[in-house]
Amino acid sequence: MTRAKVRPPRAAEWIIKSVAPPDDQPWIVADLADELIERAASQSPAACRRWYWAQTLRSIVPLIWRRLITFTASHRGEHMWNDLAQDLRFAMRLSARTPLTTIVVIATLVLGLGATTSVFSVVDAVLIRPLPFAASSRTVQLFGVLRDGRELDEIAYPDLLDLRAASHTIEALGIGQRAQTTLDHNGEPSRIDAVQVDSGFVHVLDLRAGMGRMFDAESYAVHGPNEVVLSHGFWMREFGGDRSVIGKTITLDGEHSTVIGILEERPFVYPQDSPDVIQPLRLEPGSFFTRRGVMWANALARVRPGVTTDDVGRDVAAVAHRLEVDYAYANKGIGMHVKPLRDAVVGDIGSMLALLTAAVAAVLLIASLNVGNLLLARATARAREFAVRVAIGGSPWRVRRQVLAEAFLLAAVGGVLGLGLAPLITRALLSLYPGDLPRASEIHVGLRALLGALAAILVSSVLASLPAMRQASSSRPGLDLRATGGAGQSSQSRRFGRIVFGAQIAASLTMVFVAGLLVRSLGEMNRIQPGFEATGLLTFIASPSREREPSPAAYYQRLSDALARIPGVTQVSTVFHIPFGGNTHGDVFVREDRGGRGPANTQADANAVAPGFLRALGGRIIAGRAFTAGDDSAGPPVALINETLARKAFPGEDPIGKQIAFNGAKHRQIVGVIADMKDGSLVEAAPGMLYLPIEQYRQDWARRDRYVLIRTSRDPATLMPEVRLVMHAVDASVPVTDVRTMADRLATSAAAFRFRALLLGGLSTLAWFLAIVGVYGIVAETVNRQTREIGIRLALGMTSGEVQRTVLLASFRTTLIGVVVGLAMSLAIAPSLRSMLYGVVARDVSLLALATLAVFAAAVAATFMPARRASQVDPIIALRSD
Amino acid sequence: MGQRFLGELELFVLGAVQRLGDDAYGASIRREIAARTGRDVAIGSLYATLGSLHDRGFVVFEVSDPTPVQGGRARRMVRLTSTGRAALADSLRAIQRIARGLVLGTDR
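These protein sequence lines map, in sequence, to chains A and B. Residues 1 to 882 in the working numbering are what the first sequence spells out, letter by letter. Residues 883 to 990 in the working numbering are what the second sequence spells out, letter by letter.
Because the hints were derived from the structure by calculation, they are not lab data. These figures come from a predicted structure and were not determined experimentally. Please note that the accuracy of each hint is not assured.
Simulated restraints, written as ranges between beta carbons of each label pair [as the list claims (entries may be wrong)]:
#: 1; chain 1: B; residue 1: Arg982; chain 2: A; residue 2: Leu127; range: 54 to 64 Å
#: 2; chain 1: B; residue 1: Arg921; chain 2: A; residue 2: Leu84; range: 38 to 48 Å
#: 3; chain 1: B; residue 1: Arg913; chain 2: A; residue 2: Ala96; range: 23 to 33 Å
Here a beta-carbon is modelled for each residue, glycine too, at the ideal position from N, C-alpha and C.
Chain B extracted, bound-state conformation:
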């Protein structure tokens, strides 16, 4: 189902998932976004966004084995699909094109 372009939060989430690779799950994605963009995404927004990315086939979920520490729990890991990777790349290219030549950081 095909909107190709991504919203800002969707972009952040996909970007974080790609960066995290095998270690992408709810909490780590939130942490990654906060560390890189300074934005504290509400957990509900994150899961709502993940849900819609999943509906569009950009990500898949798989449940991991419990982590091997005491009280460790199973996690629902998030993986990028090839369509997801393509969508992320398209959006990033679009951003680069529109950003080229703009001088950043001169206002204020």
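Pulled out of the complex, with its shape left as it was, chain A reads as follows:
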């Protein structure tokens, strides 16, 4: 029979023992054990264990309830509060007696709880809370999908109209787009962010005017009155919250618009998080934007109640497929799909926040364990006191409450200070993450975060005091009164100490390893060559208006000449698109030696550049020639391509001299190949890019904004005042936007990496440090308790070296177990980090070794001092000591 082999699961038995009323406890445990043995005769050990656990878990609530009832029945009113006050006062005196440990414990809790609260605030705002508008859970965003799986935010307008008519799952469809417009206010032009919306968009997002009104049917009419709604923030900023602005006109893009309303204070607007103004979307029938295949519209839909995202996805895909067939010339290869709006807004930030939460939870766990161990040490030291109390009639429960009061006091002080710290940490978090964190405006340390922190305080203080409580109430007066303070470290407290020791080693090893991965990724990323010279380069957008500057080319020529005269400026150029500068425009070109339209033709991003752009940017020609002064509107059409495009469109051939049809011009000759430049992301490969002389670029609609590139031998950040003077002198009506140095643009693109690395680095350093403190405390405590034993051994002839070795070896075993568990955890979670890494494999062996070494060294250092002290024990004193 396998009878003897089945033993009650230790953890379950422990839980039962902890929650059961003291009078019932032995009977319950014995009953369970009996039935377990009975069951073992007929069932598998696993089934028996499952049964035991089920019994345990189902028993927790009734048993705790029973204890509460008996407790309140026996401790009524005043009596109870008196006891509590007494407990607290005593706990305070006790804490004051050991100020250093008290401060360490409180500091540990402050950091742990502060970090938990602020990270929870962020996670709550970004991931948990629904988007702040009615029916937001039923709102989806529509995406275009290319054949290669690439997702496009924009969809063609007629497709959306067809979808609105044909879909049976969509209740309302909204169309909008972000735009920029020039505000002329007090004679100073400024570029402001606008979102242009149709009536469906206003309906889906439930946008409401806090003052005045929203648009009506007339507002959307093509020749209706020019009307605009201001965002609350913009209204406060630009008009100082002046209510009389409603009904007045402001000048946007040179046209007068009437302000008809102010949005509510905290609305959710898309695709731009916090636009300055909302304008009605007006489309002239037959205009460029209403054509098939012209993809520009952002679309949101509210789905019918009870319809799942999958249903909508199928419905939308079916409509898109029909459009592909009906309008093959424009829609071939373009599908559509949907995503819940919240997922679309939050994007891949989720995995990062999950990592952050795990890291903070680990820190909090280590903190609680340390506090718990400290309380346990105190309780052990007071074993005699407890024994006396029990012997003269104090109930075990009363003694336990004493310990609990101590834990609560520490946790409360730590908690209050931690909550004070939380908003500061939250602000620091947000400032470290420049602009990119979605829903950042919704983040604040609110009620839910406070409740979360309160729960954390409760849980951590109860967790921390559990072992000490058991230790305190298991006093056996006979034994403990006889024992001296020294000898009585129970096996229980020693076991808890070892578990805490090992857990800290494991958790800190894992965190150090993860932080190492992220930091090394950042290092690898900083080594990436972008393909151009990022330092010494100032960039901004100039937006000349149609009225004042009918010929943009002439304006930019004048501007470039004037800017070039600023001292320290070595090169000025203007282009449509700069690396890390936002939207590009893509199109298909035809190789004329192959001929014909069709799927074989290559898609490329196109960029139009003025003379001097390569020198300004610091790019390299690797074959053929750069553009020259002759490549103007009168010259034969030419183009440059980058390496990636050369590889993609001309594999194994020499592209120089090949002719292509592109942008309305036939026989456009490729005259050179440019070295790849990274764009948008340092991590990803450079996209294929086609360059045209800006004077040869034909546009379907007048594109007037250009990026201005200024290469300088000075610090580019200091150049702006002089640039503004020049801009004013050339044409004061032209607004300047997106002013940034190129180095800054690169840094922003790596911001997510830096944020993660910094945060995890900080948290893991904290965890590592806490672990050292914890390990030191545990070993020192153990050595203290063993002073007498060590004294005896020394008296019997053991050398001090041997004593030292014994202590070191004892903790070495625990360290080793912790390291093994830590390595296993590291290897287990590493693959889930892959998307956050660059240039380093997730299960990097050298980093694992390094992290192990760091933690091991720390553990040995923390053990060494107590071990030394142990070896210096004077046997005479030790034996006499109490």
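For this one, chain A is given, so just place chain B on it according to the hints.
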């Protein structure tokens, strides 16, 4: 302390204790309830219920001598008091009165 009426679980427990007579203790009560009603009472619920029945004077506990087998242990036996017996009888009568005339087992 006097609520006279019993909850369902209390009723089951008292009933089982009466049936078991001299052999009522934690595990046997649980087994009896499971055998008669098919209900698997969690051990914690049973002890919580026994505790409250004890508070109200319906049952008393007495610790037995260890059972005369190898490794046998002492048990905390449960005995019905006269108030307990009366409370059980009252509840059962109330149930009989409300059940009289009801046709059982015709739904489904």
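**Request:** If any of the earlier hints don't hold here, list their numbers in rising order.
**Result:** 3
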